[in-house]
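Novice: Now for the letters of each chain:
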Amino acid sequence: MDIFYPIKLLSDWLTFSLFTITPKTLLADAINFFIYDTIKILILLTVIIFAVSIIRSFLPPEKIRFILSHKNKYTGNVIASLLGIITPFCSCSAIPLFLGFVQAGVPLGTTFSFLVASPMINEVALVLLLGMFGWKVALIYIFSGLVIAILSGIIIGKMKVENLVEPFVYESTTNAQTDLPNMNWSDRFIYARDYTWDIIKKVWPYIIIGIALGAWIHGYVPTDFLAKYAGVSKWYAVPFAVLIGIPLYSNAAGIIPLVGALTEKGISMGTTMAFMMAVTALSFPEFMILKRVMKTKLILIFSGIVGIGIMFTGYLFNWIL
Amino acid sequence: MENKTASIQVLGSGCPTCKKLFEITEKAVNDLSLGIKVEYINDVQKIISMGLMQSPVLAVNGKPALVGFTPDIEKIKKAIQDNL
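Here the protein sequences come in this chain order: A and B.
Just so you know, we're using the working numbering here: the first sequence kicks off at 1 and counts up by one.
Just so you know, we're using the working numbering here: the second sequence kicks off at 1001 and counts up by one.
Quick caveat, the hints were computed from the structure, so don't treat them as lab data.
Since no wrong hints were added, every one of them can be taken at face value.
Keeping only pairs whose Cα atoms sit at most 27 Å apart, straight-line, the calculated DSS-like set for lysine-lysine is:
| id | chain 1 | residue 1 | chain 2 | residue 2 |
| --- | --- | --- | --- | --- |
| 1 | A | Lys63 | B | Lys1046 |
| 2 | A | Lys291 | B | Lys1019 |
| 3 | A | Lys8 | A | Lys136 |
| 4 | B | Lys1019 | A | Lys202 |
| 5 | B | Lys1019 | B | Lys1077 |
| 6 | B | Lys1075 | A | Lys202 |
| 7 | A | Lys295 | B | Lys1046 |
Hey, can you work out the whole structure from these sequences and the hints?
Specialist: Dropping the structure here:
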C-alpha cells in the first residue's frame, strides 16, 4: 500500500470538497498536485531531517575527523565521502571543517572528498528527490555523488596542491582527538528538534514556490515542450545545466520540485541529475568563503574537477536511462 | 560576589544561534549569581584550537561544556555548574 495514501485523500478532499473545484480540469489537477506534494514533502523533510540529526548527534565532525585521521589515503576518501552524507552543510561550516581537518593532519584529498560529498548529498536534496522522482533516482543520485566525491578527492590528493592553501592554515595544528561533553537523549532530542525546525524554517518558502511553479507547469505546460531544447539529443544541455546550477545554491529546496515538473516536459533525466548536482555541490557563495583559506587556483581546480565529474554523470545517465 | 578564577566563554562563528547562546548564558550566570563576566568570542581559529569544529561552543574554564547546539536555560545552568 502507498504510505502517502492518507495525504492523497486529504488533498482530494481539500481540492474537491472544501475548495469545490470541478474535478478533471487543469486547475483541479494543478491545485491537487500542489497540496499533495507540499504536505508530502514537508512531512518527509521533518521525519528524515529529525532522524539524520539524531544519528549525527552520535557522529559529530570531531569524531569523524578522528576516524579520518587514522585512515590511509584511499579508504580515507571513501569514508570521508560516506560520512559527508550525514553531515549538515551550510557554507558557514565550510571554514571550520576545512581548518579543523587540515590542522589535525587529515590529508587534503580526504578533506576535499568530504567537502564535495557533504553539500552534494544532503538530506534536503534527498527528500526532495525521493518525493519528486522516487527512490531509484534518489539512490542513483547518492551513488553517483559518492563516486564523484571519492574520485575528486583522490585526484586533488595526487596533484600535491598543498602550496595553494593559504599559509596561515598550516601555522596552527590541533589534536585530532577531542573530549566532547556527554550528550544524553534529552540533549539529542533538543538538538534534533532545533536543527529540524531551523532547516524547515529556512527552506519552506522555496519549497512552496518550487512546488507551486511545478504544479502550474504540470497542469498547463504541454508535454515535450522542452524536449526540442533540452532533450537527450542536445549535447549542450548538460554543460548548460551545470553552468546555470552554480549560482543557485541557496534555492536548492525550491529548484528540485521545479525541475521535477520540467523533467515531465522533456528534459532528459541525466541533464536533470547534472543540474541538481551542480546546484548542491558547486556554489558561488561557498567559493567566496573558501577563498579565505585557499588560493583562487585551488578553488578553480576543485570546481573544475567536480564540474567535469557532474557532466560525465549527466551524459552517462542520458545515455543509459 | 566576584569570582576571579573562573571563566565562562561563548565561542561562535557569527551565526544567530551563537548570539542566542551568549544571551541565555549571560542570563543563566546572572540567575546563579556567579559574578562571572561571560565573554563572547567570534573567532573560528579559537574553536579549532580547542579541538572543535562546530559552533556555538560554551566553554567553562577553557573546557567545552556545550558544543553545537543551544539548549534551554536550565540545561545551560547545569552545564555551567557541572564544569565549574
